[in-house]
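Each protein sequence line maps, in turn, to chains A and B.
The letter at position 33 of the first sequence is residue 33 when you use my numbering, and the numbering goes up by one with no holes.
The letter at position 159 of the second sequence is residue 159 when you use my numbering, and the numbering goes up by one with no holes.
Derived from the structure by calculation, the hints contain no laboratory data.
Where hints are given, some of them may not hold.
If several chains are the same, the list does not tell them apart, and a pair holds so long as it fits within one copy or across any two.
Straight line, CA to CA, 20 Å or less: simulated EDC-like cross-link-like pairs of lysine to aspartate or glutamate [said to hold, decoys possible]:
hint, residue 1, residue 2
1, LYS147, ASP241
2, LYS202, ASP169
3, LYS134, GLU230
4, LYS51, GLU212
5, LYS147, GLU243
From a predicted model like this one, the values you see are computed outputs, not experimental measurements.
Number of protein chains: 2
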Amino acid sequence: MPVELYYWPMIPGRGEFVRLVLEVADVDYRDIARLPVEEGGGIDAMMTVIKSGIDGKIPFAPPFLVDGDRLVSQTAECCIYVAERNGLAPREEALRLFARSLALTTADFVAEIHDVHHPVGTGLYYEEQKPEAKRRAEGFRRERLPKFLNWYERVLTANPKGPDWLVGDRLSYVDLGLFHSIEGLGYAFPKRMASASDSWPKVMALVARLREDHRLRDYLSSDRRMAFNEDGIFRYYPELDAEN
Amino acid sequence: MPVELYYWPMIPGRGEFVRLVLEVADVDYRDIARLPVEEGGGIDAMMTVIKSGIDGKIPFAPPFLVDGDRLVSQTAECCIYVAERNGLAPREEALRLFARSLALTTADFVAEIHDVHHPVGTGLYYEEQKPEAKRRAEGFRRERLPKFLNWYERVLTANPKGPDWLVGDRLSYVDLGLFHSIEGLGYAFPKRMASASDSWPKVMALVARLREDHRLRDYLSSDRRMAFNEDGIFRYYPELDAEN
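Isolated chain A, as found in the complex (with noise of 0.2 Å):
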């Protein structure tokens, strides 16, 4: 039976981190918001299992997979699921465990780009919280932001197999998250990330050479890969960037 993908309809957001990880990995899946109710699927379906969870097992937000019995939720931990299962973790463990620190350490760096435009309350509007979010922008851009990216930077740079992945020798699902990280970055802050490949060149190849990549290529030409938009994590909101 294929896993179940539970996101946002109309959003890349989070559910994108682990739809990545399912394209690349070649997992049969279902994506179920953004099917028809005809075949099991819209908002509705997903807002059912959030209500009445899978056997006392209830999720607190999207994403999530539904796999059987098996309910997984957390971005990171989604990631992490699809991934070790599928070829697309590392196989040793101290690597595997690296690399699920790793995971995590995105989803905060996440946590804290949605958070720029949003740093008073998810319940509020942008438009309710402009002046905090202009300040929280330059922290972000000058402390914040490359307090992430010089980690990554490190993390390639002290990888015993090179600096070609973040983790081990071959590409795995971290890399991924760092890869729609950027992506994400560069629509929501493109003068901020404009010399990105001078501060961290390691991370930008690694990026470049991804979106070139014969297993991406192909989902992110299709339709099922959404573009940025104003209501997700990464917005393009013109005051809140800047060169520095």
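With chain A held as given, fit chain B onto it using these hints.
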């Protein structure tokens, strides 16, 4: 060789979530940054690992664990690592996976609790973001805190094994995570939490039971258990608290 826990020595912070699991699982561990320099401890010993990593595995931030050649970072992943190897996680796979999802949701909750006093940025002092914190605190008390606690209450209610524990029929690490979160909320938001037993009776019953549980009692009364303070995650700022 004992497992090494690395975390800031002056606050309970996120490290306390890991420490609780280590203590209750009765794991032999060394709390490195709190040990004297002569015993290989101190903050410098921690900074060395943050700077150099372990065989190319570099943590983004404390807390992290070092166990031989393994480096595990991120609070939730540290708790998962210790619990799954030491009898504090469910054995059945579907429950094990749901527990992981739960642990990551608790990490998100803790991040939101932290951001109440730091909405604009972690690089600024609380005193530099007091008006924004006050605004965020209102949304937190009225929407986010109930959203999370309602969910824990629903998870307890839906547990096919009864409402004593979040997952399965015995204590697991996710109960400890909820326990410490509630203890911290009681410290930071005493007015808001005064009516918690009416709103979330099963959650508060679990916490009350754990407070007296023989597996925790010794630790909680030891000098290894640190008091909450205004440098950590859970801070008592009266101006951020209210009954609703």
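* Quick check: which numbered hints come out false for this structure? -> The structure conflicts with hint 4 only, although it agrees with all the remaining ones.
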